[in-house]
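J.: As a plain string of letters, each chain reads:
Protein chains: 2
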Amino acid sequence: MSTETPDRSAFAGAAPLQGLRVIEFSAFVAAPSCGLALAQLGADVIRIDPIGGNIDAKRLPLNAHGNSLYWASLNHGKRSIEINPRDPRGRTLMQDLITAPGPAGGIFLTNLGVDGDLGYEALSARRPDLIMVQLSGSPDGANAVDYTVNCAAGFPLVTGNGQQPVNHVLPAWDMLAGMTLATAILAAERHRRLTGEGQLVKLTLADVAFATAANLGYVADVEVNGNSRSADGNFLYGAYGDAFVTSDGRHVMVVAISDRQWKALVRAIGIESQLTAAAVALGHTLDTEDGRWQARELISAVFRPWFAARTLEDVTKAFNDRSLLWGPYRDFQQMLTEDHRVSEANPMFKRIDHPGYGRFLTTGSPLSFSRSTRTPVSPASIIGADTVQVMHDVLQVDETRTASLQADGVLGGKQPST
Amino acid sequence: MSTETPDRSAFAGAAPLQGLRVIEFSAFVAAPSCGLALAQLGADVIRIDPIGGNIDAKRLPLNAHGNSLYWASLNHGKRSIEINPRDPRGRTLMQDLITAPGPAGGIFLTNLGVDGDLGYEALSARRPDLIMVQLSGSPDGANAVDYTVNCAAGFPLVTGNGQQPVNHVLPAWDMLAGMTLATAILAAERHRRLTGEGQLVKLTLADVAFATAANLGYVADVEVNGNSRSADGNFLYGAYGDAFVTSDGRHVMVVAISDRQWKALVRAIGIESQLTAAAVALGHTLDTEDGRWQARELISAVFRPWFAARTLEDVTKAFNDRSLLWGPYRDFQQMLTEDHRVSEANPMFKRIDHPGYGRFLTTGSPLSFSRSTRTPVSPASIIGADTVQVMHDVLQVDETRTASLQADGVLGGKQPST
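Residue numbers (the numbering used here), protein chains in the order written: chain L, 1 to 418; chain B, 1001 to 1418.
Take the hints with a grain of salt, since some may be wrong.
DSS-like cross-link-like pairs, simulated, lysine-lysine; straight-line CA separation at most 27 Å [claimed, not checked]: (1) L:K58 x L:K263; (2) L:K202 x B:K1350; (3) B:K1263 x L:K58.
Think of the hints as simulated: they come from the structure by calculation, not from any bench.
In isolation and in its complexed conformation, chain L is listed as follows:
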């Protein structure tokens, strides 16, 4: 192992990623969610956008002023600089930012098809210890987005009742790719710390999806057993779990995996003896996870009238045993009004003003580190708002020169930094 003589004072009590600077050139979800996660852990994340913003600048939902709440939600806590990538001076400034000297810098995160003077070869010639992490669509070089990866990876055809594919609404592959990119950056930064070497790390969205399908056993099930999982409604796979509707039109999810959870469930519903008798009559055993999974239709048929006869409030009262695993379905509005975990009572959240966007409950990192207090939740910048400051802080370019580049259309951000 290496011999290290760290300067403890600079990092003791600091945010976990203090001292890391990441230049992000991105659009949509995956790379921005990576940059957000790193910023929330204390990294200095600078997002570069073309003047006027990238292709995701006006993604829905917008607020009444036409500013994107989606953009603000995924990019808060970062600094934003607008540079014209079609101007040669703009390209050079992008290179300068990505390869800026100093041990903090030299990390470039992108999910755009950059090459030439923004490709790894050109950039690493300027800064050999550069870490570049690049996400693309598909390992065969084709474009792909979450929706076109999702349809290929098996899940939509087994979601819902199986009569037709059901797309997920959560962009799960984008989010998972984002955290995979964060892991990649920290792994490469560790390698750089130990060896001085930078490198190019590549990932495709499709590989994230295919790896997940394999890692969850679906590939092995086909290859070893010749079995392709089929759709099964809202049942939990391999144990007992299902969704029910209440008399007041609410829905609840009920899960029992362990024997203890199962016993708590039948006790709460109060039908243990009838259910057992019915199971015996039909040749089912309810004593094992697998047995309950085999008997899932029977169990749900027996449970359903109980829920249909009760309001959500009744169910909540009856389900006060802490060993029960269950919960009501909530839409996004109900999530905010009914769930105390989605409020400032949860230290992950803080309701702050985002000038230009509005005031809303905003996330810090979901991770809590015992050696540091949570990094303060900070607002989203209007796109380009940090241009002057970033030019000054990172490239030591003064305001006069920046103003001249703004006048020439090489840099944006003419509105004052907020």
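Assemble chain B onto chain L, guided by the hints.
T.: Just chain B now, with coordinates in the frame of chain L:
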């Protein structure tokens, strides 16, 4: 910054996480998927299970011998040791493994409710630089699993056609939590490298879901606009995308986000003039993402007969323009038989024998690092199979002593290591 004099030779060309040892005490999906990701990047990951395996040891799908393909798929590339946690000597051995000396070790990953002698206080008293990363269910201390987190986080009620909640089949929160744990471990290891300090890092599954809902703009949409997103079938949100059925009963997903993608799509389908005329008649504009989203029902109505009159093969021939974003839906079987990206042609995959489980296409890391070759894909251990070896390598306990602990029921793994 710290002054470092790394021993370059030990790490040059090595796997990115060579020199990291992680002790995993886990069950189900989230923490095991974290351990898998780290093992695939070269970390030495040792999973501890109670004798006979943890609660997830027999999760479906099983193979013909009753061994879990799910378990093998999520835990390959790790070493497996069986220890009886109810025996005081077993608990002490678990402490010994977690706090084993040496700069490689001292990282403990768990998603189980450990405390007392396996809690952070007791363990860090033995090894002050210990990093412990612990996932639990909910920030209010309640138990929660992917299904009961999912119902709370808004997405199932906007998945599908909205008449009832639709659970995702992909355990998205577990997988996302797993990669968040991996990021946490590397962030904490960076902090330890810089300061010598260990720490406890905590995460809850529910916070992962709530943070995601917020980061994607759904919370801001409620708080700023008073709007809670509703279900919208298989439409892509905010631009144009939808699913169609072909004459041979296959389904395809078609997406157009940029203007270029949109033009390529209407060109391929060959209905540009009719569609434009219909849009004008109905007051729609198709020139913007937002306009196409507003007109999505019209667009799909016009497109639908075109797909219904063609086989998947016809569509594939017509859609040979590389700027088109589309793909067929595939089940897990079709994914393996039709998609060359899910085969050994993809360097992420290798088809290997997993003794006791079978032969199947197995993942390496989806990340490719230019400074190292991909870490070889390695098989899953039968649970406990590495007991003797781990006792020897990590704790310098010889085979005689291990055999005696096995005879006493403190250790498992009596079958030979594979």
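J.: Looking back at the numbered hints, which does the structure fail to meet, lowest number first?
T.: 1
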